[in-house]
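A.B. asks: Given next are the chains, with one letter for each unit.
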Amino acid sequence: MRYSAWQILKNGLTGQKGWKPVWRSPAPRPEYDVIIIGGGGHGLATAYYLAKNHGITNVAVLEKGYLGGGNVGRNTTIVRANYHIDGNTEFYSHALKLWEGMEQDFNYNAMMSQRGVINLAHSDGQMDFYARRGNAIRMQGDDAELLGREEVRAAYPYLDHDNARFPIYGGLLQRRGGTARHDAVAWGYARGADLRGVDLIQNCEVTGFQIDNGRVKGVETTRGTIRAGKIGMAVAGRSSQVGQMAGLRLPIESHVLQAFVTEGLKPILPGVVTFGMGHFYISQSDKGGLVFGGDLDFYNSYAARGNLPMLEHVCEAGMALMPMIGKARMLRSWGGIMDMSMDGSPIIDKTPVDGLFFNGGWCYGGFKATPASGWCFAHLIATGTPSPHATKLLMNRFETGHVLDEEGTGAQPNRH
Amino acid sequence: MRLTCPHCGERDAREFTYLGSAKLLDRPAGDTGAEAFHEYLHIRENPAGPNAELWQHVMGCSAWLHVVRDTRTHVVESVSLASGVAR
Amino acid sequence: MSRLPSDGLIDREKIIRFSFDGKSYPAHPGDTLASALLANDVRLMGRSFKYHRPRGALTAGSEEPNALMEVGRGAHRVPNTRATVQEVFNGLEARSQNRWPSLRYDALSVNDLLAPFLGAGFYYKTFMWPKTFWEKLYEPIIRRAAGLGRLSGEADPAIYDRAFAHCDILVIGGGPAGLMAALTAGEAGARVILADEDFHLGGRLLSERDSVDDMRGADWAAEAAARLGGMPNVRIMRRTTVTGAYDTGTFGALERVADHISGPPDGCARQTFWRITARRAILAGGAIERPIAFPANDRPGIMMAGAVRSYLNRFGVAPAKQMAVFTNNDDGWRTAHDLVDAGVEVPALIDTRADVTVPQGPWRGIAGGTVIATRGRLGLNGITVRTPSGEARFRVGGLAVSGGWNPGVHLTCHLNGRPKWQSGIAAFVPAEGAVPGLSPTGAANGIFSTHGALVFGRSSADAALKTLGFSTSNITLPDAEDAPYRITPFWFVDAPGRAWLDFQNDVTVKDVKLAHQENFRSVEHMKRYTTLGMATDQGKTSNIGGLAILADLAGQTIAETGTTTFRPPYSPVQIGAFGARAEGKGFAPERFTASHAHAQELNATFVEAGLWHRAAWFAQGGETNWRESCDREVAMVRSTVGIADVSTLGKIDVQGPDAAAFLDHVYSNMISNLRPGRVRYGLMLREDGFVMDDGTAARLSETHFVITTTTAAAGQVMSHLEFCAQCLWPELDVALVSVTEQWGQFAIAGPLSRDLLSEMIAENISDTELPYMAHMPVTVAGIPGRLFRISFSGERAYELALPSGYGDALSRALVERAEAMGGGAYGMEALNVLRIEKGLLTHAELHGRTTADDLGLARMVSPRKDCIGKVMSQRPGLHGPERTQLVGLQPVDLAAELTAGAHLVNPGEPATRAHHQGYITSACYSPTLGHRIALGFAKNGRARLGEEIRAVDFMRQKGETLCRIVPIPFVDPEGGKLRG
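Protein chains in written order, with this note's numbering: chain R, 1 to 416; chain D, 417 to 503; chain S, 504 to 1483.
Quick caveat, the hints were computed from the structure, so don't treat them as lab data.
Think about it this way: if two alpha-carbon atoms lie no more than 25 angstroms apart in a straight line, the pair counts; the simulated PhoX-like pairs of lysine-lysine are:
no., chain 1, residue 1, chain 2, residue 2
1, S, LYS1016, R, LYS17
2, S, LYS1373, D, LYS439
3, S, LYS639, S, LYS553
4, S, LYS1442, S, LYS1461
5, R, LYS20, R, LYS10
6, R, LYS20, S, LYS1016
7, R, LYS392, S, LYS1442
Some chain D residues flagged as far from chain S (calculated, every beta-carbon gap over 12 angstroms):
no., residue
8, GLU461
9, GLY465
10, PRO466
11, VAL484
This one's a predicted model, so the numbers in the text were calculated from it and none came from an experiment. Positions of the beta carbon are idealized from the N, C-alpha and C atoms, including for glycine.
Chain R with its partners taken away, still in its complex shape (with noise of 0.2 angstroms):
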């Protein structure tokens, strides 16, 4: 079924009783083509592309629990495409044009939003640093600018520009930027894959592998064994859990990243804001509620949900930054489990084991590289070769010293 307008209408007019399960509920075949491990929004959309861009449909997406209930389905929801490193820059610009064109592609509604992202500075060298940032986005090919003092103060007059410990330089600013509705993001690329013909099979957890001689042939689940010759990762927050049962040793450990939302306000935030000094970035979201984050909690962790010191350091940092926001009340605070990779930048590559391809290491980056993420692993897993706009996400990188460090922080994962 097509959605439309006109659907709405006509289904409003008939008590909604035309709507159409949006995907399926299949029991799992014993054998694909391909496997991906993880209904992720990652995972989703890599089935989503192998089956739209690779003309493969005999594919199943294995999820442990619903789909779309990793960190899709818990982030801030922002949407950019501002890193300054190769390997980082091109990725993620080829994220962004496809999330410019993602609703009108899977014909759901994501409420991509492009209200701009701005980068707030607080010193002369972060200005500059923003500016040679900004100058590798713009010849990639995509938008910056950046703003001075006095641009910042017209266009965000609720930020504190005269008391702050730490005055508002600048900043550069995204326009292309924004958020979309995270949820709808998982669910219309399952609803698209499930269209063409791909099996999301959702409790499903993979409790093994099938190595034959260094060849991947299988994965064990708690639904039986299924069978593929070529089977994609795509479990970030656990790659190491689950890369343990085919025996890989990754560069990754698992921590928490908490984020916020308030009770629902009348709009009083148009865009996105991320404050220079001390983590936190915040958006209103289209209900209301702003939505809002900042640094991990520092410490390993798959409990997926934190605690205070970095709660209360956020909203610090909020309040330093735009005392407006102290009257709006914190609704709701949760965490998910961060793929930290070594060098903070993701990894999309081939493993040790034939047939077995890897898709993790997200760090903070997972959301926002959620179509270029699926559509690069689908071009991997079907061609056997890295897609031209992921040729340096590798997993050697970190042997041979080609690290993605954004951050220059080196390789400690917590300080990315």
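Given chain R's structure and the hints, the job is docking chains D and S onto it.
C.D. replies: Quick look at chains D and S alone, frame taken from chain R:
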């Protein structure tokens, strides 16, 4: 979260900073080559369960601590001085 | 007036006045905003989120989904305030929200008529064409319609605080179970904190007519509170909501210190956010009553039965003159009795259970009945009931509904605990051990009688006391009712029309059915698709109903269906409280150098350098912009002598027999062969082989060094060195201490620097005694200090350090002498120009992605020893042709601009990523050379000296400059000036 520093007693985790796996105690000798250092610096077991890790009581006595903590529950099982860990 | 003639915990002697939507009303102290409005016959208190349906108070507590208001005026306005919690004070101003133009006539109530088209998730299926209309048309309309109250948009003028508290036993909730637990623990001598969100202790005792020990429950609670108040080991925290359970016995709690008074005293915080560390905790937060879904069950006047009893018994308010009762459990019956006792006419007591005998009374008792319709545009005026024998209509202004009680399991879910279904009470109860050290008790654990609450409150406290090593008390148990709780689950009435589950978000039974029909069948999918449970009450009244319907549709039990997760905070907390005192300058500590006051007197403009404030330039008469001052200061240093405070550099004292060996491990270059009295430039790598920091190492004796770090990396380097000393080489006998704060250190730079110092220092500082890169102990005015012959400007220069207490005096003495010699103070801007001219590095170049080789410092990685980072620095990725090398740049047209952040592109090639050749890290106007210069990184740069390259800057210059790659340093390449 609270940690019991062997010098200072039980304190809020906000007094401490976290480095990472206690594997970092086992730095290879300089002549063992890049592969050993890659394993040391980059590869992590990343267990969902008890994890041996390094914290520093940076807002206290500055001691580096060897902590065993369950990454699923954050329950701290033991804390000792990193300098005293037998290697 | 609906105020009853007697009863209640309100002070009837005093009349206070408040306003709602501009109209003034009387109230009594002890009223909440909701009780006062009901007392004044105001039932319409808000509009729902989506359909803008008229709404009144559903509850009498913090779980309220409907009666949300804006309270206060101007910048003091607080949106989304629950009228059921807000205490009334004289002068309180409240306004309804999410309506236009008025609460009675809300234009967007048209949405209610369009409801057939606005079902769950309709927005995912439309608004996609044309593509550009989303940001321009659809989204602005949706955003304007959405949201609840308004922020003022002004900086929050209120004060908030944060505090820590510690106790043996934290008791959460001050109802019968909590009071009994606190009494038990308090009598035993434990340090107790009793926190309750209400302004009176007593919990349900305040709202029920049952007696405890032959007293009214409220009186017993007051007496218990007084007893506890007399115990020095017990701290009672009223108006304090425990908002979250965190690791290792840490709890968050919000105390509303002054939200209940008009204008807190000067300096008084409105709210305090507490971090409570408790060795044990007892959760006695009670239970929350749940509605039953039936058609149009959302009209003002339809309330939870327990809330009706609260308004009657605690606030002395009859919500309506005629009220019916609709229940699936015995607890609903007492509402009918209380209503009748208060003089309210009760035409019907409707019980969904066909197999019970509805108690006799002045009402029509209907067993096996259900409410199938309601009437009344802005408030209820009638209901239709399906009875076993047919249908009956009743004229009522109110309906009390009870679908049973849900234990308040919320805090037990905060550490990922999953509550367990208990079919006897048809509700979830806390999982055992869900939060280590916390025991749920009383109604929070599914024990609903007062007697049970008292018994289990005491036993929970005894158990906690025992584990803490206290002797248990033998406190006597008061007598109280022990009525059995009998319930037959009943979730929704099958009848035409919309039946609300989530009142605020307008989620109805149909929406859950649609979600199921579209295969959003996991509870999380259903929640996210319909938004059930995502309103400001986090589903406190709605979740279970939704789960039950989903379970029903799936043919599963509720236990099999599972729940979504409750997360902190328990009830919403203002960001201002979590981030108390961080606004303005409070966000981070401020560090001032010893010469700060002196610099202010010298008309310095300051700049933030990390936490430090440093003098950026010193404007002198006639200078109107920083460049003029900076150029003068640079020229001054190059021609006479300048003084700069460099105390912010990290300084670490390294001592011990193995100090030299230790430093060889952490510096890439050799330090151990440095002679005492000498200083060496040192480079530190990270273990991954990239450069971490640079600085100097001065050897004071065989076993004593002082090393410096950059200002920015001082903390990181100190921590790293401690790691190396304690974790990697614990066998080395070395001790480290940061002495950054202990020394006031000044650069004395320029050709006349030695002359200046000779006047102040008794010691011989001739070039033979103190050559370049040497240091010596000196005495300044009898004060022992250290003098280093090092330079960050390329000039003959020294750094003089005295204990920081003398920093101010030293600054004054140095600047005075410098001025007498034609020199003076210089700031960060000049310092930066001087170092760029000399090709020296800061974190613009040491940005964490550069290698020693990139920086032209490959020779500083000693081949004769191992060091941190050495092995990994040899990886191919740290040496390949794709890397860039540090070079100097100057414009071909010397008048042209050069900007930091510009990227380098070869002449004739497009400015795209594929043709990227490098970038500029630092740029300035060089007054010494009379044109702009820059440092940057270029591919194969060192082999391209003399070549032309374009600096392209889309950001600030919005253009490009043709440059020449030149060697660094720009000035005095032979270093003659440096050595003198």
